[in-house]
Amino acid sequence: MVDMELTAAATAFLNEEAALLDDHLLDGWLGLLCNDVRYVMPSTAIMPAEAADARERRNALRWGSFGDDDRDMHFWLYDEDYSSLNMRVRRLDTGMAHAELPESMTNHVVSNVIAGQDPLDSELIRVRSKFMVHVVRHENNENTFVGSRWDKLRRTDDGLRLAWRYIELAHPVLPRTISIFF
Amino acid sequence: MSTSGLQHNPSATGLLSKEVFSQESYDAELANVFGTCWLFVGHTSMIPNSGDYVSTAMGEDPVIVTRSQDGQIHVLLNKCRHRGNRVCLFDKGNSKSFTCSYHGWGYTTAGDLKAVPFLDAAYGDSFDKSKWGLIAAPRVTDFHGLIFASWVPEGPTLREYLGDAVWYLENMMLDESIGGLEVVPGVQRYRMPANWKLLAENFAGDQAHVMVTHASVLSVRAQNIDHKLGALPGRDVRATGASYGVACNDGDGAPHGLLEIRVGESFYQHDLDQAAAIGPEAVDWVRDRQVARQSNMQAQGADPVPYGFHIGNIFPNFSLVGLGTALDGVGLILWLPRGPHETEVWQWCAVNKDAPDSVRRRQREVLMQQQSAAGVFAPDDHENFERLQNNLRSTEGRKWPFNYEMGRDKRIELDDPPNWPGTVTQALSETNQREFYRYWGELMAGKE
Ligand code: FES
Ligand SMILES: [Fe+2]
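Respectively, the protein sequence lines represent chains A and B.
Heads up: the first sequence at position 112 corresponds to 112 in the working numbering, and the numbers run straight through without jumps.
All you need for the working numbering is the position in the second sequence, starting with 1, plus 1000.
In case anyone wonders, no lab produced these hints; they're calculated from the structure.
Nothing here was measured: the structure is a model prediction, and the numbers come from that model.
Among these hints, one or two may not hold up.
Just a sample of chain B residues kept apart from chain A, beta carbon distances all over 12 Å, derived [as the list claims (entries may be wrong)]:
1. K1131
2. R1191
3. E1344
Coverage of chain B stretches by chain A, computed from C-beta distances (three or more under 8 Å per stretch; other residues unrestricted) [unchecked claim]:
4. 1085-1092
5. 1178-1190
6. 1206-1218
7. 1366-1373
8. 1397-1407
Just some of the chain B residues that point at chain A, by a computed CB distance under 10 Å [claimed, not checked]:
9. S1055
10. T1099
11. Y1102
12. W1132
13. P1193
14. I1225
15. G1329
16. Q1347
17. N1352
18. K1353
19. D1354
20. D1357
21. R1361
22. D1380
23. D1381
Where a beta carbon is used, it is the ideal one built from N, C-alpha and C, also for glycine.
Let the hints inform the model, and build the full structure from the sequences given.
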């Protein structure tokens, strides 16, 4: 599925996004999202090896093809739409969200980008990427979040916009609570 | 040891010595508190079928909660009896047995040792397999789905231990009268660099922090941006109702603290409005729930009938979250001790088993968005707890006690106090926190 041209375009999009997040330009970041965006991040479990069909199903899930049961009845870390992401940004704007006072210093390092045409929807491209986000709260309080993302970017008149993001953190136990975006 | 006895009991003085958070206290409390109390280890809906298991922990000890072939629930120390290797490596699953990866001893899901390699070739007749099963918690009780275990073979039953909390759990928090709860798949786990007691006491009764620590949530709630956040009762709703704290087993026994037990038509009305935006089935459910809960509690003489609860802590380290609305899932939280300066938090989400799917979905969304690892509440608490803990690392800071005087000398007399079990207080009080350390001190002094 790898398409060099799409991979270059997707990489540019993801790098721009990372810069907005690291610069705390969160309204700019919201501007990169489609109005119908889904932004999900399950919790990580250590499970017995899965049979091939379960692996396939999990892969389908990462690209957003799952039934109500899968999506709606698991206790996840994020399951957001535009209005709830906007609410989170507005919360940080109140100046009273202690988790981000002072603002975390973050460095979103994005890598291993692979992009290709979405097989089901001509407007979408599918993008896999890896990230490491280094978070400094204050003094020597540092944590690193590591994970993978499965994104769907929509071609619009204004350029690429995020329509779907599935984030898999590589932390069965998170190093801290989360008040940032990936 | 200087932490023993009641000299650190803030019920007597309003003050708490920071020795309560020292390494010495920590070493002792693993045995005196976690080794003796009833501890929450899981929910029956996590292990519905025989062979199902889930890995959790009692204090620092990893345990496997299993349902054996005969349907019984067992709580087994996840340590091989031969050399102590971990026998179950997964968070959950279904299995007939657990086989140790070191020398291959195999155990049933009931914990019995059934396979020992080279048994005939190298062990004599004196080797008795029946003596070498996994260490099992001698007492395990299923309380309306909540599974509790204790390492001591004798002592108060779980119901006796819960005491005044039984009534609240049965009638209000676990929704027994309307079909009960079930836990949805998925557990959130995160590290919090603070002593577990600071987190547990917060959930037992810290009303005062809500307006300050969570000011951003209350403020953004008022902007009506997101419908899920709307489930949280807003200022107007709270203004017309009443909220109480409850100290269960006040002064005698295990202190379970409940916070913001809510009374008032406005909370019900608010839930009806929220439900209307979901659909008619949600409205019907909220209405049926109200009728069933109300008639059930009225029949037991409750006056007034409480509508919901915000949070609570079952001593020592099991907290529940309800957010005071029918449209929030019930959060089940374990504060697992990981040294005097660190806690590992485990959280699940329970939803009403018999509610329509649309309601169950909303309950899960609301809890995820609000009180969870990436929610709008917990990260702000995290930040404060971390700074508190830094004080406990400070040589000078450690010398000075913490203050728990709120609501001790001065209590607003309740005009018309509810007649519920336990000591009902104004919500703004540190009664429950004082009670928490009162009992902690008793256990540390060796009182059963
Ligand atoms: S340690 Fe388990 S079989 Fe030896
Ligand atoms: Fe809080």
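Report the numbers of all earlier hints that the structure fails to satisfy, in ascending order. 2, 3, 8, 10, 11, 12, 17, 18, 19
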